[in-house]
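Chemist: Numbering (the working numbering), first residue to last: 1 to 186.
Hints in this document: simulated from the structure, not taken from any laboratory. Since the model is a prediction, treat every value here as computed from it, not as a measurement. Backbone N, C-alpha and C define an ideal beta-carbon position, used for all residues, glycine too. Hints are not guaranteed to be accurate.
No more than 27 Å apart at the CA atoms, straight line, and that leaves these computed lysine-lysine pairs for DSSO-like [as the list claims (entries may be wrong)]:
1. K126 to K76
2. K126 to K54
3. K81 to K126
4. K142 to K54
Restraint ranges, calculated between C-beta atoms of paired labels, are given here [what the hints assert, rightly or not]:
5. M167 to Q101: 16 to 26 Å
6. T43 to S162: 32 to 42 Å
7. S59 to G79: 54 to 64 Å
8. S163 to G80: 32 to 42 Å
9. E146 to S83: 15 to 25 Å
10. E74 to F160: 28 to 38 Å
11. V171 to V77: 25 to 35 Å
12. S83 to S165: 40 to 50 Å
13. S165 to V77: 27 to 37 Å
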Amino acid sequence: MSPIIDPKDLYTAPETVTTPGAINTQSDTVNYLYPTNYRFILTRTPALTYNCTKASLPSLELPAVIQGTTLVNEGKVSGGKISYGDLTVSFLVDENLQNWQEIYEWMLTLGTSYDPRFPEADEKKKYSNATLSVLNSAMRPKFEVEFNNIFPVSLGGIDFDSSVSSMDAFVVDVTFAYDYYEIRPL
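Build out the structure end to end from the sequences listed, making use of the hints.
Modeler: Right, here's the structure in full:
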């Protein structure tokens with residue numbers, strides 16, 4: 001007499017092929033990050049914050065260090081000092097130049113200026129903190145990038161031109177240096 005075969009025994013789940021040390025690469029979300037889903041807040045310059053049109057998450061570099069001696073093959077290993085790229089922000093200039101002047105006057109207090117109205121700032125007033133809030137698909141903050149000890153190093157000019165045919169608002173770039181940034185999920 002032949003044994004009774006349970007239909008469940010006929011199907012076996014396919015084996016999962018994995019590479020040792022591999023992780024599941026399937027994303028747990030189907031929502032993507034969009035370039036318009038952000039909010040930039042610079043504590044020292046509220047007028048710039050409101051008119052910010054573009055902000056970039058700066059690059060990060062870790063140099064490869066050559067390791068070895070003449071007796072052993074030289075090879076590259078990770079190491080060295082991490083280097084953060086500059087933060088560049090674009091903003092619409094208001095007709096009173098308020099947001100542009102906030103940066104302009106801040107820069108005058110940081111460097112050597114011949115204008116007596118802008119004496120060198122004390123150490124606490126030289127720097128500010130900034131936050132780039134990245135928003136999810138529901139426009140709610142998903143995580144924040146906190147920039148520590150930020151200060152402007154370059155402010156774009158404003159080119160007046162009576163020959164232009166379209167009346168677009170001025171957009172100016174400002175570049176900031178900072179110590180480092182931290183990314184925090186919310």
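Chemist: Each hint should be assessed against the structure and marked as holding or not.
Modeler: Hint-by-hint comparison with the structure:
In summary, the hint linking K126 to K76 is not supported, as the alpha carbons are separated by about 39 Å, beyond the 27 Å threshold. A distance of roughly 24 Å separates the Cα atoms of K126 and K54; the hinted pair therefore holds under the 27 Å criterion. Between K81 and K126 the CA atoms are separated by roughly 25 Å; this keeps the pair inside 27 Å, and the hint holds. Between K142 and K54 the alpha-carbon distance is near 18 Å, which keeps this suggested pair within the 27 Å criterion.
A hinted range of 16 to 26 Å holds for the C-beta pair M167 and Q101, which are about 22 Å apart. Range check, T43 to S162: Cβ separation about 37 Å, and the 32 to 42 Å hint holds. Checked against the hint of 54 to 64 Å, the C-beta distance between S59 and G79 comes to roughly 18 Å, which is inconsistent with it. One distance hint, 32 to 42 Å for the beta-carbon pair S163 and G80, is violated here, with the actual separation near 50 Å.
Taking 15 to 25 Å as the suggested C-beta distance range, the pair E146 and S83 conforms, at roughly 18 Å. Hint check: E74 to F160, Cβ distance near 57 Å, so the stated range 28 to 38 Å is violated. Remark: the range hint 25 to 35 Å for V171 to V77 is contradicted by a beta-carbon distance near 43 Å. Checked against the given bound of 40 to 50 Å, the beta carbons of S83 and S165, roughly 43 Å apart, stay inside it.
Range check, S165 to V77: Cβ separation about 57 Å, and the 27 to 37 Å hint is violated.
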